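Following the hints, put chain B in place on chain A, whose structure we already have.
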Amino acid sequence: MSPLPRQALASAFLRRKARWKPLEYGFWILALGAAFALPSQQLLLSEIAILALFAMSLDLIVGYAGILSLGHAAFFGVGAYAAGLLSLHLTAEPLTGLILSGAIAGLLGLATSYLVLRGSDLTKLMTTFGVSMLISEAANQAAWLTGGADGLSGILIDPIAGLFEFDLFGQTGYLYCLTVLFAALVIARRIVHAPFGLSLKAIKRNSRRAAMLGISPNRRIVVIYTLSAVYAGFAGALLTQTTSFVSPDVLAFHRSADVLLVLVLGGVGYLYGGVIGAVIFTVLRAWLSVVTPQYWMFWIGLVLVALVLVGRDRINPARLTAWVRTKTGRAAPSAAPLAKEEA
Amino acid sequence: MASVSRRLFMTGAALCSLLFSHAYAAETVKIGLVLPMTGPFASTGRQVEAGVKAYMALNGDTVAGKKVEVVLRDDAGTADQTRRIAQELVVKDGASMLMGFGLTPLALSVAPVLAQAKVPAIITSATTSIITQKSDYFVRTSMAGPQSAVPVATWAAKNGLKRVVTLVSDYGPGIDIEKGFTDQFKKDGGEILEAVRVPLQNPDFAPFLQRVRDTKPDAVFVFVPSGVGSIFMKQFVERGLRDAGIKLIATGDVTDDDLLNGMGDAALGVITGHFYSANHDSAENKAFVAEVRKANNNMRPNFMSVGGYDAMALAYAALKKTNGDTDGTKLVEAMKGMAWTSPRGPITIDAKTRDIVQDIYMREVKKVDGELYNVEFATFPKVRDPNTP
Numbered sequence: 001m002s003p004l005p006r007q008a009l010a011s012a013f014l015r016r017k018a019r020w021k022p023l024e025y026g027f028w029i030l031a032l033g034a035a036f037a038l039p040s041q042q043l044l045l046s047e048i049a050i051l052a053l054f055a056m057s058l059d060l061i062v063g064y065a066g067i068l069s070l071g072h073a074a075f076f077g078v079g080a081y082a083a084g085l086l087s088l089h090l091t092a093e094p095l096t097g098l099i100l101s102g103a104i105a106g107l108l109g110l111a112t113s114y115l116v117l118r119g120s121d122l123t124k125l126m127t128t129f130g131v132s133m134l135i136s137e138a139a140n141q142a143a144w145l146t147g148g149a150d151g152l153s154g155i156l157i158d159p160i161a162g163l164f165e166f167d168l169f170g171q172t173g174y175l176y177c178l179t180v181l182f183a184a185l186v187i188a189r190r191i192v193h194a195p196f197g198l199s200l201k202a203i204k205r206n207s208r209r210a211a212m213l214g215i216s217p218n219r220r221i222v223v224i225y226t227l228s229a230v231y232a233g234f235a236g237a238l239l240t241q242t243t244s245f246v247s248p249d250v251l252a253f254h255r256s257a258d259v260l261l262v263l264v265l266g267g268v269g270y271l272y273g274g275v276i277g278a279v280i281f282t283v284l285r286a287w288l289s290v291v292t293p294q295y296w297m298f299w300i301g302l303v304l305v306a307l308v309l310v311g312r313d314r315i316n317p318a319r320l321t322a323w324v325r326t327k328t329g330r331a332a333p334s335a336a337p338l339a340k341e342e343a
Numbered sequence: 001m002a003s004v005s006r007r008l009f010m011t012g013a014a015l016c017s018l019l020f021s022h023a024y025a026a027e028t029v030k031i032g033l034v035l036p037m038t039g040p041f042a043s044t045g046r047q048v049e050a051g052v053k054a055y056m057a058l059n060g061d062t063v064a065g066k067k068v069e070v071v072l073r074d075d076a077g078t079a080d081q082t083r084r085i086a087q088e089l090v091v092k093d094g095a096s097m098l099m100g101f102g103l104t105p106l107a108l109s110v111a112p113v114l115a116q117a118k119v120p121a122i123i124t125s126a127t128t129s130i131i132t133q134k135s136d137y138f139v140r141t142s143m144a145g146p147q148s149a150v151p152v153a154t155w156a157a158k159n160g161l162k163r164v165v166t167l168v169s170d171y172g173p174g175i176d177i178e179k180g181f182t183d184q185f186k187k188d189g190g191e192i193l194e195a196v197r198v199p200l201q202n203p204d205f206a207p208f209l210q211r212v213r214d215t216k217p218d219a220v221f222v223f224v225p226s227g228v229g230s231i232f233m234k235q236f237v238e239r240g241l242r243d244a245g246i247k248l249i250a251t252g253d254v255t256d257d258d259l260l261n262g263m264g265d266a267a268l269g270v271i272t273g274h275f276y277s278a279n280h281d282s283a284e285n286k287a288f289v290a291e292v293r294k295a296n297n298n299m300r301p302n303f304m305s306v307g308g309y310d311a312m313a314l315a316y317a318a319l320k321k322t323n324g325d326t327d328g329t330k331l332v333e334a335m336k337g338m339a340w341t342s343p344r345g346p347i348t349i350d351a352k353t354r355d356i357v358q359d360i361y362m363r364e365v366k367k368v369d370g371e372l373y374n375v376e377f378a379t380f381p382k383v384r385d386p387n388t389p
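Each protein sequence line maps, in turn, to chains A and B. With this note's numbering as the guide, the letters of the first sequence map in order to residues 1 to 343. With this note's numbering as the guide, the letters of the second sequence map in order to residues 1 to 389.
The following block holds chain A by itself, in its conformation from the complex:
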């Protein structure tokens, strides 16, 4: 047994998994086309893109590292406030603001990542929740910096790269959010399909066994948690930059809960789960709250329960194609093992 064929096998496996699938191309073409085909829905689309990025960032830690978080809004909120404060006091240039806000959220992620290294799932849940409550109250009290309960207003954002101004229709905003989402996804894809990503999955399954195989769980968790915080910070910054306003509810508990819901809705551990969940959740909410402004929460609750009962796997494209293929009688060499693995 020489190590060479095995290594070749492994890298072939990784390459196969990392290959862009036709469905993915289709999705991004649709997303880009929406910017021109749906001129009156740009604001909703931006909201979807932002929520998708936020949910993807949560997927990185929930789906890959197995850390359940009920306080992910902490990083989102810090990113949002950072973007607001940067544009008020330092520079109104959006890209600089975006990157710096992500970095600031990332620093917070790095600092708090050591808190989620120990303890059971429940402990981690409570720790993340506690951190987000602390930051939320700090933002509420530090009125001299954050505007307290009134939020930050008067934020003006320069045109992107000095060329594209944020318009009232929100088209620039959407294209901007979509670009950031795409870039973030490409990077995340590379990371999770690299050996690093595989080792994370190993940690998620059984961290003790992973450690015995020579994978250091702690260091990897710190890295992925920080990256996830950076992504959440980007999402928050995008919200600030497209709405030019920050209110204290960027840090509210319901935001952490919503994003977890979105992720569960779309499916955990394959990056697109957050994106799909964000599309379903936002469209459903926007539609229902127009149809029935008073009672939409009832209907959204009902739909969510129904979705969970039916099984969210039905809306997972990988499995859907597998299912379609088995029904049409064609063998599905790549999809079937994938489905088994994710079960």
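One thing to keep in mind: the hints can contain errors.
[To be verified] Taking beta-carbon pairs under 8 Å as the criterion, some of the chain A residues facing chain B (in silico):
#, residue
1, Leu145
2, Gly148
3, Ala149
4, Asp150
5, Gly151
6, Leu168
7, Phe169
8, Ser207
9, Ala210
10, Met212
11, Ser244
12, Pro248
13, Asp249
14, Val290
15, Trp296
16, Gly301
[What the hints assert, rightly or not] Cβ pair distances, simulated, as ranges:
#, chain 1, residue 1, chain 2, residue 2, range
17, B, Gln201, A, Arg205, 38 to 44 Å
18, A, Phe164, B, Lys187, 31 to 37 Å
19, A, Phe196, B, Thr329, 54 to 60 Å
20, A, Glu24, B, Asn59, 37 to 43 Å
Simulated from the structure, these hints should not be mistaken for lab results. None of the values given here were measured: they were computed from a predicted structure. Yeah, the Cβ is synthetic: ideal placement off N, Cα and C, and Gly gets one too.
Then chain B, alone, in the frame of chain A:
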């Protein structure tokens, strides 16, 4: 490339708006009503909506030859939703006026939209002083900052309450009101023994009330947002503050008409200052209260409701003045200096600040026909926002 796609986009947008609004664009004026209809502030939304509907029921839905259509949307009290909805109402639905906004951050979040779209927004509920300074298109029909607190201070000082503890909820409007009361009270020769601020969320007043009791003041001045008042009232009596001879003076938010009956006899004798009582004695108010009760399962209108009613009154009056012209800048110009008699009494929109100038009444909670009401006994005419000169 950018300009081509832009042109394409604009054409698309124009085409869409043509397709959807062509049929009745000329005759209909759309008003976007953005309110928290779900979540913790749902009662605000319900009351404002009731007020808006009552105005339309009493005054018809046509003005200056145009049909008025109200588009109600829920923002659940979340600022980024408010902002998106407001923007959509302007861009997609072609709303020529916006209305509503339950809380200060919700109102502030739409300021950039107003600046870009040049559409007036009438605030029916949020009260922080700074709002109207944040955009030239904000007009307010609720209350301006500590408007209701200042007369309470004057009244208290005149009526032998010299040593007072203030207790307010710790957020923008609370701090505004605390400052307004304290400044006026000191000017009138009173003494503030202690200023207590309680958290806005999950209020438990017990420890704070104990502190108040220990300082033995003549009275305690209270502001808590509408809805929290009943919890406060209950704990005030339970902690024995009333038995200790401490008087309760407050802004009308504490004895909100919507909830007053449910507070029971604990509320009797509480002195408040405010701009509206459902018990206000005028023909306009009787018609208003009767209409709201009829349309909403016998619900009593409160000060939020009258804010919505007057927002519609202002919108109608502005449209009449512009002869149906829906240009935002002209509408705001028309609103400036407008004066009329509302169910609450005479009110004016200040021409310079676009804020409301109104009478503030001192009221005492009494039983009228078996129900608890805020009965007015003194009037401070034409009170302005003390924070804006």
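Going through the hints against the structure:
no. : hint                            : result
1   : Leu145                          : violated, 15 Å
2   : Gly148                          : holds, 7 Å
3   : Ala149                          : holds, 4 Å
4   : Asp150                          : holds, 5 Å
5   : Gly151                          : holds, 4 Å
6   : Leu168                          : holds, 5 Å
7   : Phe169                          : holds, 6 Å
8   : Ser207                          : violated, 37 Å
9   : Ala210                          : violated, 39 Å
10  : Met212                          : violated, 46 Å
11  : Ser244                          : holds, 5 Å
12  : Pro248                          : holds, 7 Å
13  : Asp249                          : holds, 5 Å
14  : Val290                          : holds, 7 Å
15  : Trp296                          : holds, 7 Å
16  : Gly301                          : violated, 11 Å
17  : B:Gln201 x A:Arg205: 38 to 44 Å : holds, 40 Å
18  : A:Phe164 x B:Lys187: 31 to 37 Å : violated, 54 Å
19  : A:Phe196 x B:Thr329: 54 to 60 Å : holds, 57 Å
20  : A:Glu24 x B:Asn59: 37 to 43 Å   : violated, 56 Å
Hint check: violations occur at hints 1, 8, 9, 10, 16, 18, 20; the rest are consistent with the structure.
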